[in-house]
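Here the protein sequences line up with chains V and A, keeping their order. Take 0 as the starting number for the first sequence in numbering that gives the first Met the number 0 and just add one per residue. Take 0 as the starting number for the second sequence in numbering that gives the first Met the number 0 and just add one per residue.
Just to be clear, a hint being listed does not mean it is correct.
[Said to hold, decoys possible] Straight-line C-alpha distance at most 25 Å; calculated SDA-like pairs for lysine to any residue:
hint, chain 1, residue 1, chain 2, residue 2
1, V, 145, V, 102
2, A, 8, V, 147
3, A, 384, V, 82
None of these hints come from the bench; they were simulated from the model.
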Amino acid sequence: MNATVRVEDISKTFHLSRKQQKIEQTNISTKKAVDHLSFEAYQGEIYGLLGPNGAGKTTTLRCISTLMRPDEGNIFINENSVLKNENEVRKTIAFLTSDLKLENFFTPNYLFIYFAKLHGMNDVYTKQRKDLLFSKFGIDKFAEVKIGDLSSGMRQKVQIAISLVHDPEVIIFDEPTNGLDVLTAKVVTDYLIDLKKQGKTIIVSTHIFSLVEKICDRVGIIINGKLVKSGTLDSIIDKDIDLETVFFNLFMLESGESV
Amino acid sequence: MRNILTIFKKEWDRVIRDKRLVFSIMLLPGLMIFLVYSFIGNAIENSQSDAQYQVAIVNPTDSFQTIYELIPTSATLTVVSIQVNETDSYQQMIDDGDWQLVIVLDEAIETYTGGVDKPSVEVYFNQNKADSSGAFSLFSNALLQYETLLSYDIYGDTSSFSTVYEGTPLNESEITGSLLASLLPMLVVMFLFTGSMAVGPESIAGEKERGTIATLLITPTKRSEIALGKILSLSVLSLLSAISSFIGIVLSLPKLLMAQSMDIGIYGFTDYLMLLSLMFSTVLVIVGLISIISAYAKTLKEATTLIMPLYIITIMIGLSSILGNGANSNYFLYLVPIFNTVQTMTAILTFNQNTVIYLVLTISSNLVLLFILTFILNRMFNSEKIMFSK
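The following block holds chain A by itself, in its conformation from the complex (with noise of 0.2 Å):
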């Protein structure tokens, strides 16, 4: 037990004494993600609250006005009224990208009662242009109110039946939850694994490369211990960095997916210590892995290069948070490591039922998945072919 202490403080130290390390791995991530992500919110909204909306319309009405002026939109609206014979050369505008679009209403659209020749409603706009798109979405929506209330004006009561709608009353709670759960989880996953790739291989492919683990395993130490107390201590110092990486995450997220009003506060201190446990578990399997992959490896380099492809495989598992809808309820994926995890963190944002059984799932069969690879990284280490080989 003091030798695998007396490794965790060194490997903790490499670290945390290194000024430079600490600001790249702890601090780094989470201010990168925070400012990034809240400069990418904040880039959707100035573009949608910075849009434009120029419209041209022949033989404007006051209903029609009435209408188009009700519905909301954070564009910026300049109607005018224009001659029939203008229309030609406002077109050429919207091809040229100057104009966003043209409304040609009948001028008889008020006064029809009901005869052979409909009155005509013609509209032009470039679907190569958002605003020009937006705009169109934004007016065809209105032409439709102004079509139900000429046809009212004509035929009375034009619905054949009432519609009331009722639902489910709104839950704030349950619709942060469901968003938090489609992004986190991958993400989370995402920055636990960069986190032990930026600790992990140095300290046993590093010992390899430099000469330095002959130096350690020559000790009366055990190679269990040693094993050990480098896994727990990159496990720590991992976890370190994926939750400067979740706060930037969570601080930023409000902004990113523009709901201002999105309130982490839904959650516990059970919730998050939850999340904490998973995390940890999470990142024992990760450190655990990348350290067999640093012991097979000759050099860090080669570490480094064989760590990609378990990397992706990571992501691309952390995908289902998004692809799936809400937490597997099937107990026996929750014996597979990572899936486990972003299926796990799914289930505490979104208050499932059976997070609980899902929780312990999850991390015993992670502790398992510990040992078997702590027990593999003991042989190793013992492996004279692998410790040795050039």
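With the rest of the complex left out, here is chain V (with noise of 0.2 Å):
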């Protein structure tokens, strides 16, 4: 089977201003976000990239989705690069984070016909779209209600549906449930695994164990912008070994760090 997204031993540097020399309490000027990752996710699976803050996971996820570009190595999405074919994987992917705002001004309703028209959808099909992810989000309700005016569940709710607008094939989701309530967080699980079911390729990062044990086909435990592990859960995971104590294990074999 071919993979959606293939990563190819993708490296990524950063320049390091002196502001961030001191928060990061290093001499040098530079700092490898990504080094030679490489992984593979498939139609109808969830992947999740599991690591701790700075481990690269955002840096590799915004690779994927075309905002940055690997300094060496390159990343193929249904065979297009994102070097070389960005506009295609453009058309192919969405892009989600938790930290997402949108604008307090507008309605449900108008952000989701003006991302609908940017992906060059037709009214008809943005009307489709709109009234199944509205009715699936219970957004359909407030969908001419201000974004500011919108409790934050519901806020969180339109922004995937926004996201989602294009019925992409690749959806990458940067820590899907950070500062949501448990019922909000629940119904983004629930659609993930929905939307893995319709045969989308989903890739997720996260620092919480209990969410990548709940949703995720496969993972890649990733440590200081490499991948460590990766593999189904089954195994990575022992019959005496949970996926917390693996990953701790592997994080002080790698950074050399108690914890």
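With the hints as a guide, bring both chains together as one complex.
The following block contains the structure:
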């Protein structure tokens, strides 16, 4: 089976400003955020990137989403290179982050149509997608309410609906349940499972073990920009050792730090 | 092109559909300018018409009275005759600010026939008080005329030559144009800038701060379309804001300059069209600059802070309309942004013969600059370092 997303040996180095060097407590002016990282994600699966803060998860997801370009290596989405065919890639992917804050002034309806137009969708298809997603997330009753007047949970649902406006094949979700209340978090995770069943390829980044165990088919553990372990959950955990223990053992081994 | 329109419409709706924003950006500037300038103009006018000159004269004469009563003034004049021994108490009142002027005329002022002892005139006023100084100025003028009159009585014709004053006939349009040209260009540039500042940073720095820029950049829309869509919509919105301010200025200027007869109808349709095209080309440059700063800034607050020095520079350039004497004739200077706007506007308002050349140079230069600024903004949207730096 061909991989929908193929990450091939990518590396990404950032220049650190003096302020950042001070925060990172280093004299070195560069930081390798992603270090020769490779993995694949297939249609109808959820791949989880598990790692601590600053491990390189977000940078990897941004590279897959064409928001950043890897310094080395390449990424292919349905055989389209993010370096050469970024516009083709953009037609098939969605990038979601829990940090996203939509403009308070607009209504869900307005923003949905706005992004649908930018994705080149016609009116009929836009309405179909809107009806489907708004009904799925219970937004239909709030379609004409300004974002600023919605609850934080409803805002998050609107953000997801808007990011999925064009029915993307590949969904990249950075920290999907960060800052969500338990009810909204459940809606989001249930929907990700639903999307998986529809045959979507989903890559999520998280540092929450329970989320990985609940929704991911395969997982990649990323520490200091390197993918130190990748495979199905069953292949990573043993009968007596749970995912959390596996992760901390790997973390201590790779970083040399104790927990 | 479709994407440019989509982005244009969204930025447009962000402002136009928000009644509070429409009021604060489109209506309030013009209204405030009109009210404030009219208030200042009225205050100046009232302070002058409310002035009261109380003058005490020792040994007043009929001929002196005839002279000072003929001098035009908006102040209310009260002249009393006093005795010489009262001067001390009146001088005290002047020191205290309760009286304006004392004039002591020599009792022999009109009987002098040219002897050694010339008649004396003593004037006492308080130079710390505006009304006292005003009274002094008025009566100094009257005293000079009185002196000439008395000399004439003694010596006959005291002038050595006859002077005939002639000159270019009064041109109301030119005077009005010069008055407007000294103030309007600076004010218009200022309001173009403040209008752009009100809508610009939120559109780009706001999107960065909220994280929605990623959602926008991940669409198949070209970066150049995003840049152009934002610049064009923000420019139209800023222009509307500037036009509101412009109307406010034009309506209140006659009051402010105390030139009630100032007729702004001296400008025709072509002049207004030239002004509008000039303002639009300028606002494109200003919005372009503000957009680049906003794209560079990590937050809305940082963008506003970074824009301030540019605003101050713009005002300083705007001052050239007050300090200069008409439009500059050096064509190369019309390639300098903002300065070219100020100079071309001066040329339009003063009916300069080279206005069209200046306008073409300025608009061309601004459009080239817009192209460069859009290119830079496009590159910035492509720069992950700028878009996603923390």
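Each hint, compared with the structure:
A threshold of 25 Å between alpha carbons decides the hint, and for residue 145/V with residue 102/V the separation of about 9 Å falls inside it, so the pair holds. Between residue 8/A and residue 147/V the CA atoms are separated by roughly 20 Å; this keeps the pair inside 25 Å, and the hint holds. About 17 Å separates the Cα atoms of residue 384/A and residue 82/V, which keeps this hinted pair within 25 Å; it holds.
Of the hints listed earlier, there is not a single one the structure fails to meet.
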